[in-house]
Amino acid sequence: MINRLRTSFLATPYAVWILICTILPLFYILGYAITTPEGSFTLSNLTAIADPVHLSSLWLSIKVAFVTTIICLVLAYPVALILHNLKISNKGFVVFLFILPMWMNFMLRILAWQIILSNNGILNSILSAIGLPTVHILYTKAAVTLGMVYDFLPYMILPIYNALSKINDSVIEAAADLGANWWTTFTKITIPLSRDGILSGIIMVFVPALSSFVVSNLLGGGKVLLIGNVIEQEFTLARNWNLGSGLSIILMIFVLVSMSIMNRLDDSENGGMLV
Amino acid sequence: MEFIQFDHVSKSYEKQLVLDELDLYIKENTFVTLLGPSGCGKTTTLRLLGGFEKPDSGKIYLNGNDITALPANLRPINTVFQKYALFPHMTIEENIAFGLNIQKKSKEYINDKIKYALKLVNLDGFEKRSIDSLSGGQQQRIAIARAIVNEPKVLLLDEPLGALDLKLRQNMQYELMKIKQELGITFLYVTHDQEEALTMSDTIVVMNQGYIQQIGTPEDIYNEPENAFVADFIGESNIIEGIMIKDELVSFLGVQVPCVDKGFGTMKPVDVVIRPEDVELLAPGKGFMDGVITDCLFKGVHYELDVQCGGYEWLVHTTKYFEIGQHVSLNVIPFNIQIMNKPESEDEEVMKEDD
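In order, the protein sequence lines correspond to chains A and B.
When you line the first sequence up against my numbering, it's residues 1 to 275, in that order.
When you line the second sequence up against my numbering, it's residues 1 to 355, in that order.
Read the hints as simulated data drawn from the structure, not as lab findings.
Mixed in with the good hints, there may be bad ones.
[Unchecked claim] Derived, one-sided and incomplete: chain B residues facing chain A with beta-carbon distance under 8 Å:
#: 1; residue: F52
#: 2; residue: A69
#: 3; residue: A72
#: 4; residue: N73
#: 5; residue: N78
#: 6; residue: T79
#: 7; residue: F81
#: 8; residue: K83
#: 9; residue: A85
#: 10; residue: F98
#: 11; residue: G99
#: 12; residue: I102
#: 13; residue: Q103
#: 14; residue: S106
#: 15; residue: N150
[What the hints assert, rightly or not] Mimicking SDA-like on lysine to any residue, the simulated pairs with C-alpha atoms at most 20 Å apart in a straight line are:
#: 16; chain 1: B; residue 1: K286; chain 2: B; residue 2: E241
#: 17; chain 1: B; residue 1: K178; chain 2: B; residue 2: F87
#: 18; chain 1: B; residue 1: K54; chain 2: A; residue 2: E173
#: 19; chain 1: A; residue 1: K166; chain 2: B; residue 2: F87
Glycine is no exception: its CB is placed at the ideal position from the N, C-alpha and C atoms.
Input sequences plus hints: build the corresponding full structure.
Quick look at the structure:
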């Protein structure tokens, strides 16, 4: 009993933190979302998502987030597999090299891409130097997607790498022992057993990609309007906190729905989804 | 050429030599056990045959074919792993069918095989269960079933009973012998448990530090150990320094005792091995040497005694109780005195098998 009291006592700072920094702001957002600037009740801030401009932004966000997630997965899985299979003693250091970009300032990394991709930037200098036509990639959806892939890739690599590390080597040997070649072992054993890592990776990339606005601001140059940019503009330029909050709530629902779908897949370990 | 043949096989990990020019022959349809302490190279030998490791030098033959470079998935060999290594995301049925599906067998064939294998390991009706719902012993049976449905020419077993408790381990020993009889294939079994090896094997290969110490039937290994390592590792024994005076007469601890061994020469230093159950305790003055009981422990089947005698602490097993402090006399019949050549230097303690 005393122990339980003591542990709950120790949890107080975190509870206060969550209350002040998470729950309270959430209620504020909700409050703004269902009121007019004059303070009367309305649902128009929520239904505003049906506005064609907002709807197309949301759709664009989903598309960009989806493509980003797929590219990250396709890039990250082989990397994680190679990292896992590295037969060196200093594996931790190599993994560290892959995470290193995460430690640099986020804005700085995106600004670097702005310089690389700009019309007179490094990419085009290289292209013209080897006699290829230059590209106008900056301020396009491609540039935004590229920036997001670059930013979120480590979040896909790490969980997959962890999941692969948990697979017992003897299970892989058992598959070979029973006659499976590399490909069969990979598809029938390695991928299913690393599914948890894949699903966490997908969540950790898809969710921030869906709500991101900084990358599209810097690499989209105002031409690529994601739902995150719309919300940001409502708060900063239009000063319509009520509409911004309403759209935030809608976005949050999308995030929660996508996470619960992932969790459902995660739970179906016993039976159900067999890859 | 023998069924399985290791020809001058060497293997080292990061400059640590694990196997040195190993030569080993295994006959078809025998139960062969590689026995030795950890780090003796027994598991490496098994993994080389399974195809999970490649030798640094030397050749491995199966049925006359050089399989040294053949990858594991193309060898007609299956393995029961130490930690079972079942596929946790598959049902029991799917685990057992894994190899057969790769061989593209028909559905009826696979179903029949699953039924047969589950019956053989006493787990009928477990087809749809998940791996998590099984105990360690049951998981190991499934691992055996999963291996044998592929009808391998050789079944490799890497300390398969190591994780099980004593009672279960003994039951599984009998079941493995039964399965071996039923299948009529070669079993290569790796263990550090001498009792397991003595119970199940047709042939035991005792290994230490990458060398084969002795190959023989369980009776040979137990009754006629070729060197002190084998004598010490297999069962308990009294190993005493002695001198072979002439054929059939050995001297140790200041007494001369008749034995049955010949051909060691005259006045040659030797090691004398006497099993604790071969020592008879008689009334003082009746045996070849008198001593006093210093310890007596009840072990169930027998008492384990320490007898201080001639400056050596003898280990003796008897079914009769003796008081601590009681004076006794030791006697060993000549047949039970085993004479071994002394290693000439420290290095030779690990005797190299050269034949």
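Discussion item. Let me make sure I understand: some of the numbered hints might not hold for this structure. Which ones are they, in numerical order?
Written reply: 2, 14, 16, 17
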